[in-house]
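As they're listed, the protein sequences go chains E and B.
Heads up: the first sequence runs through residues 1 to 104, numbered per our numbering.
Heads up: the second sequence runs through residues 105 to 417, numbered per our numbering.
In short, the hints are calculated from the structure, not lab data.
Every residue gets a Cβ at the ideal spot worked out from N, C-alpha and C, and that includes glycine.
Among the hints, a few may not be true.
If you want a taste of the chain B side facing chain E, the calculated C-beta under 8 Å gives, among others [claimed, not checked]: (1) 292; (2) 296; (3) 299; (4) 301.
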Amino acid sequence: MTPTDLITLSLLLAGCGFYLAGTVGLLRFPDVFCRLHALTKADNLGLFLVCSGLAVHSGDWRIVSLLLLIWLVGLLAATVSAHLIARHAHEHEADAPEEENELR
Amino acid sequence: MIGFLLDGLIAAGLVGLAYQAVTSRSLFRGIIHFVVFGLTMALAWARVGAPDLAMAEAAIGAGLTGALMLVAYRRLVEDRRDAPVDPGPAKSRLALPIAIGSGLLVGVIGLSALFSDVEPGQAGQAVLADLQQVDLGNPITGVLLLYRGIDTLLEVAVLLTAFLAARALAGSESGTGSPTTQGPETPMVGALLAVVIPLTVLVSVHLLRAGSYEPGGAFQAGAVLAGAGVLLILSGRIAAAETAGLLVRMGLLAGLVSFILIGLTPLLHGGPLLALPGLWAVYFIETAMMVSIAITLVLLFAGGGGLKRGKHG
């Protein structure tokens, strides 16, 4: 195993660890805001680690920039959708507690 | 070994998700399971080496159909909480035997395909050899337009017919309810649109151009472009209108009309029907088809006959 492989492997495993933590948080945390907190932070970092692992593995600048683009677009989509969900939950906090249970 | 594990995981996941999507008590959960099923299906297509199908499945099967079902859920269920709940069809005693029988059938077909050693037909190899001369690197686009032109033409016609049928069924009072979500006035949505819409257009044009030498093509490009339209509708930038303007009508018909006209021209000098006169014709028809597919899908999503500026437009 070359050092490059070792770096790739550890980055990918670390990324998967963050994804796992984010998913456990999504499933176990009590309300919408806590879940979003777990999901957005952990998954964005997880995506970054997975992308950088793949970038190290490819060693091709074209692939590296594409992976960077993927991460940035993922960040953008995650940020805005989490913001919209949190905003909606904040505005409708009082009147629909049973709806959240349905999503569980 | 790892590949085998991955395939097993995808296959088991597909069956589980399909079961959940159909039997879920809550309609909302069923829709979400259906979307995840579509994404997993795209993974499965990618695993068997069919990236064209994977892209189409992810864009249409998971993305657009999912968005369509969520809007339908909103209009039919959420906005009418007081309406009586439909208990759904009664359970049939035949359901279990039919499910087991179909499962066995699929299994037997799959296993016999796995262990059969029949040589593939000669037609495919002949086409592949032939396509070398046409300068189309992607055999799928070549087959779709040069050898099975009539199929592709009819697919475009079916899409248009589906749209007309949906309009006929929807009646005149549709298109008034807006699928716009709450809070599109937040500045984040504007920022998202400013980045994502140009990027989507770029990606769809790339898919269209790439379709001639690698996976991609009019259907994938049109679906991605329609995704941009769905985003614009959801954020209130455009909305459904009662009737279509000239531009929308032209866009709806562009694919079918240009395909038919270019397909008819060889008849003038005694050639066969739908024999495309060159690579420019392939690009022209693909572009027109992309526009038509995108507009048809967006109008189906909007639930109207045309498009106008939305209240946040």
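At a threshold of 8 Å, is the proposed contact between residue 296 of chain B and chain E supported by beta-carbon distances?
4 Å, holds
When the least beta-carbon distance from residue 299 of chain B to chain E is tested against 8 Å, hint result:
Because about 6 Å separates residue 299 of chain B from the closest Cβ in chain E, which is inside the 8 Å limit, the hint holds.
Less than 8 Å between beta-carbons is the criterion; does residue 301 of chain B satisfy it with respect to chain E?
Since the shortest Cβ distance to chain E is 12 Å, the answer is violated.
Close enough to count: is the Cβ of residue 292 of chain B nearer than 8 Å to one in chain E?
5 Å, holds
Of the numbered hints given earlier, the model fails hint 4 alone.
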